[in-house]
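Use the sequences and the hints to build the structure in full.
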Amino acid sequence: MSDIQKFQDPGLPEHVHRKSDIDVDAEKRAERQVAILFLLSAVGTVGTVLSYIFIKSTTFIYLPILGNTNAAQLGLGVGLAASLFFIGMGAIHWARTLMPDNEVIAERHEFRSEEKDREDFVVTVKEQAGSAGLGRRSLIKRSLGLALGLVGVSPLLLLRDLGPLPKKALSTTDWKAGTRLVVDPSGQPIKPSDLEVGSVAQVLPELPAGTERTLENTGTDAVLLIRLRPQDFNLDAQRLSWTHDGIIAFSKICSHMGCAVALYEQQTHHLLCPCHQSTFDVTRAAKVIFGPAARPLPQLAITVDADGYLVAQQGFTEPIGPSFWERSS
Amino acid sequence: MMKKLSRFRRRKWAAPALMVVSLIGLGTTFSFAAEVPAAQTSVSSSQSTQVQEGKQIFLRGCSSCHGLNAEGSGIAPSLIGVGAAAVDFQVGTGRMPMADMSQQAMRKKPVYDAEQTAALAAYVASLAPGPAAVTDASLSWERDGNVAQGGTLFRTNCAMCHNFAGQGGALTLGKYAPSLMGVDAHYIYEAMITGPQSMPKFSDKTLTPAEKLSIIKFIERANTEPALGGAALGRVGPVTEGLLIWTFGLGLLIGVSVWLASKAR
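As you go down the protein sequences, you meet chains A and B in turn.
Take any residue in the first sequence, note its place counting from 1, add 14, and you have its number in my numbering.
Take any residue in the second sequence, note its place counting from 1, add 153, and you have its number in my numbering.
Careful, some of the hints might be misleading.
Residues from chain A that keep clear of chain B, each with C-beta distances beyond 12 Å, as calculated [stated by the list, open to error]:
1) ARG46
2) GLY102
3) PHE125
4) GLU129
5) SER152
6) LYS205
7) ALA215
8) VAL217
The calculated lysine to aspartate or glutamate pairs, modelled on DMTMM-like cross-linking and capped at a C-alpha distance of 20 Å, are [claimed, not checked]:
9) A:LYS70 - B:GLU378
10) A:LYS140 - A:GLU124
11) B:LYS358 - A:ASP208
12) B:LYS358 - A:GLU129
13) B:LYS416 - A:GLU117
14) B:LYS358 - A:ASP321
15) A:LYS33 - A:ASP17
16) B:LYS416 - A:GLU45
17) A:LYS301 - A:GLU332
18) B:LYS358 - A:GLU210
19) A:LYS182 - A:GLU230
20) B:LYS416 - A:ASP35
21) B:LYS416 - A:GLU220
22) A:LYS181 - A:GLU230
23) B:LYS262 - B:ASP297
24) B:LYS358 - A:GLU332
25) B:LYS416 - A:ASP37
26) B:LYS358 - A:ASP259
27) A:LYS301 - A:ASP246
Beta-carbon label-pair distances, calculated as ranges [claimed, not checked]:
28) A:GLY81 - B:PRO282: 41 to 49 Å
29) A:HIS29 - B:TRP412: 19 to 27 Å
30) B:THR202 - A:ALA308: 56 to 64 Å
31) B:ALA267 - A:GLN252: 20 to 28 Å
32) A:LYS205 - B:GLY227: 29 to 37 Å
33) B:PRO282 - A:ALA308: 44 to 52 Å
34) B:THR361 - A:GLY260: 48 to 56 Å
35) A:LEU249 - B:GLY321: 51 to 59 Å
Quick caveat, the hints were computed from the structure, so don't treat them as lab data.
Computed from a prediction, not measured in an experiment: that's the story for all the values here.
C-beta atoms are modelled at their ideal positions from N, C-alpha and C, and glycine is treated no differently.
Structure below.
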């Protein structure tokens, strides 16, 4: 295999002249083209200014495909885009066609310093270190070590600012035994007769008088109330006892990532989460039938109180919403 | 003809051009195929009452799926007790009769005129009591609705399916929540009280009639709201915006960079 020849550097290919280098007409044409591009940019700027001054912000014009479009915004956008784009395009066209295009080779120098410089450096460092007395003065060295070591402590304090631990906040809601279900946002309590078969209601727990509802409350307490025909249920005895007369209640907070699950299809009795398409079967206690959710939506046990209004039998029996480290299951 | 065309088959633009032509062809074929056959109904004027008229239309146009007595079948629900409101909504918006057995009946040009729809509604209402049809004139949303309240209620009760601006959205298995733009107020009202297809009902006790008017006012206001910020792109947020910038925006950038790197001749 010794007859394989060493690969030779082929060097640069022969320089091909552009039309504008050899033909005077082509050169003139390229010059005109560049000038036209710059002029287009100028026209764009003038257009921007004119549409800012003269087109009212409430004027709409009809464009095919786009439909009714705000004329002022369109004028500003197209004008500004043209004024910037054509400056760039003109400059590049100028460089491509008229500026010199000779190939140039710039050789890279070697990175390694020369042998003499390297030796001198070692000598200098040794001399200076000796005269500075780095080998002596242990008091200075030790105190410096202490200072440097302690510098690392203060950033540790910042970890405290990551906030207080959530404690029980992730596993508790405002639902308790006897809490009335009220309509979001009107706050009206609900009687079972208020709901027809096939209807839904977005409900929240009635808060004690004087307590203001925050978004945080709504974000954990939101419940979807659905009324089906009781014979449509396919529940075990315990879960069936959590419903009332065909009315069933689920936490709206998805067990996957915590989006609000409320896309209820009343013919198939499916609940769909809009974020990742997790689908829950309402008739089987929100069993997951499609998508990434790992657990059914927590069901809220409901019944009616002495006045006939719907109330919770108890709080949620499991934490609502997505998984977290301390969650037991 | 073919020979003339085949001369161009090795050109640079041949493949993209062929793609565009076939896509357009495919699209237009489907749009023609989806056209609904024109209605051919001639209600004999000899029938004396509206209910009987409606029954005749029902037997001719609806009974093959919904049963001779509107009792329903394996492919269509019973219409006993759905009320005139449901008929007015389904037939008036052209959803019924369905053009084919697809996942969902879609809004299209109505097959029956207003008079025939009213007759059908009267017949179905005569079977069992149900919610009555409403008219635009009876809905005072313009006067009594409250846009801000309607917006809050819409975001709580409707936006999860119909999008925050009423543009509609996808459900499971090909079903969808339709866009609410350009829908007559009384159809929106009837949809809320009858719960057509996948949509649940919204009872008058949990969503009062006054609140329903506010929701309608919010939707009508969203419908007429001008897009002051430029092209609205379907008002569905980052999806179309992203699609546009990833295809046209990046396409333009790629084109420009190819031009930048090419050598002038």
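Each hint, compared with the structure:
Here A:ARG46 stays apart from chain B, with its beta-carbon at least about 15 Å from theirs, past the 12 Å limit. For A:GLY102, the non-interface assignment is contradicted: its Cβ lies about 9 Å from the closest Cβ of chain B, within the 12 Å cut-off. Against the 12 Å criterion, A:PHE125 stays outside the reach of chain B, whose nearest CB is about 30 Å from its own CB. For A:GLU129, the requirement that its beta carbon stay farther than 12 Å from each beta carbon of chain B is met, with the minimum near 43 Å.
For A:SER152, the condition that its CB be more than 12 Å from all CB atoms of chain B holds, with the nearest at approximately 63 Å. With a minimum CB-CB distance of about 8 Å to chain B, A:LYS205 fails to clear the 12 Å threshold, and the non-interface call is violated. Listed as outside the interface, A:ALA215 is inconsistent with that label: its C-beta sits roughly 4 Å from the nearest C-beta of chain B, within the 12 Å cut-off. Non-interface call for A:VAL217 relative to chain B: violated, since the shortest CB-CB distance, roughly 8 Å, does not exceed 12 Å.
As the CA atoms of A:LYS70 and B:GLU378 are separated by approximately 17 Å, the hinted pair is consistent with the 20 Å bound. The suggested pairing of A:LYS140 with A:GLU124 is violated, with an alpha-carbon distance near 27 Å, which exceeds 20 Å. Simply put, B:LYS358 and A:ASP208 have alpha-carbon atoms about 5 Å apart, close enough for the 20 Å limit, and the pair holds. Taking the CA atoms of B:LYS358 and A:GLU129, the gap is about 93 Å. The hint is violated against a cut of 20 Å.
Taking the CA atoms of B:LYS416 and A:GLU117, the gap is near 12 Å; set against the 20 Å cutoff, the hint holds. Distance hint between B:LYS358 and A:ASP321 is fulfilled; the C-alpha atoms sit about 17 Å from each other, no more than 20 Å. Under the criterion of a C-alpha separation no larger than 20 Å, the hint pairing A:LYS33 with A:ASP17 is inconsistent with the structure, at around 44 Å. Restraint check for B:LYS416 and A:GLU45: satisfied, since their Cα atoms lie roughly 17 Å apart, inside the 20 Å limit.
Annotation: proposed proximity of A:LYS301 to A:GLU332 holds, straight-line Cα distance about 15 Å (limit 20 Å). Taken as a hint, the B:LYS358 and A:GLU210 pair is honoured in the structure, with Cα atoms around 10 Å apart against an allowance of 20 Å. Taking the CA atoms of A:LYS182 and A:GLU230, the gap is near 14 Å; set against the 20 Å cutoff, the hint holds. Among the hinted pairs, B:LYS416 with A:ASP35 is consistent with the structure: their alpha-carbon atoms are about 13 Å apart, no more than 20 Å.
Note on B:LYS416 and A:GLU220: the hinted pairing is violated, with a Cα-Cα distance of about 73 Å set against a maximum of 20 Å. For the hint pairing A:LYS181 with A:GLU230, the CA-to-CA distance comes to about 16 Å; that is within 20 Å, so the pair holds. With a C-alpha separation of about 31 Å, the suggested pair B:LYS262 and B:ASP297 falls outside the 20 Å cut-off, and the hint is violated. For the given pair, B:LYS358 sits about 31 Å from A:GLU332 by alpha-carbon distance, which is inconsistent with the 20 Å threshold.
Between B:LYS416 and A:ASP37 the alpha-carbon distance is near 17 Å, which keeps this suggested pair within the 20 Å criterion. The hinted pair formed by B:LYS358 and A:ASP259 meets the criterion: a straight-line CA distance of about 17 Å does not exceed 20 Å. For the given pair, A:LYS301 sits about 15 Å from A:ASP246 by alpha-carbon distance, which is consistent with the 20 Å threshold. Restraint check, A:GLY81 to B:PRO282: a C-beta distance of roughly 44 Å satisfies the suggested window 41 to 49 Å.
Checking the proposed 19 to 27 Å range against A:HIS29 and B:TRP412 shows it holds: the Cβ atoms sit about 22 Å from each other. Between B:THR202 and A:ALA308 the beta carbon distance is about 59 Å. The supplied range of 56 to 64 Å therefore holds. Distance hint for B:ALA267 and A:GLN252: a CB-CB separation of about 53 Å, inconsistent with the stated range 20 to 28 Å. For A:LYS205 and B:GLY227, the hinted distance range of 29 to 37 Å is satisfied, since their beta carbons lie about 36 Å from each other.
Distance hint check for B:PRO282 and A:ALA308: the Cβ-Cβ separation is about 45 Å, which falls inside the suggested range of 44 to 52 Å. Checked against the given bound of 48 to 56 Å, the beta carbons of B:THR361 and A:GLY260, roughly 22 Å apart, lie outside it. Distance hint for A:LEU249 and B:GLY321: a CB-CB separation of about 33 Å, inconsistent with the stated range 51 to 59 Å.
Checked against the numbered hints listed earlier, the structure breaks hints 2, 6, 7, 8, 10, 12, 15, 21, 23, 24, 31, 34 and 35; every other hint is satisfied.
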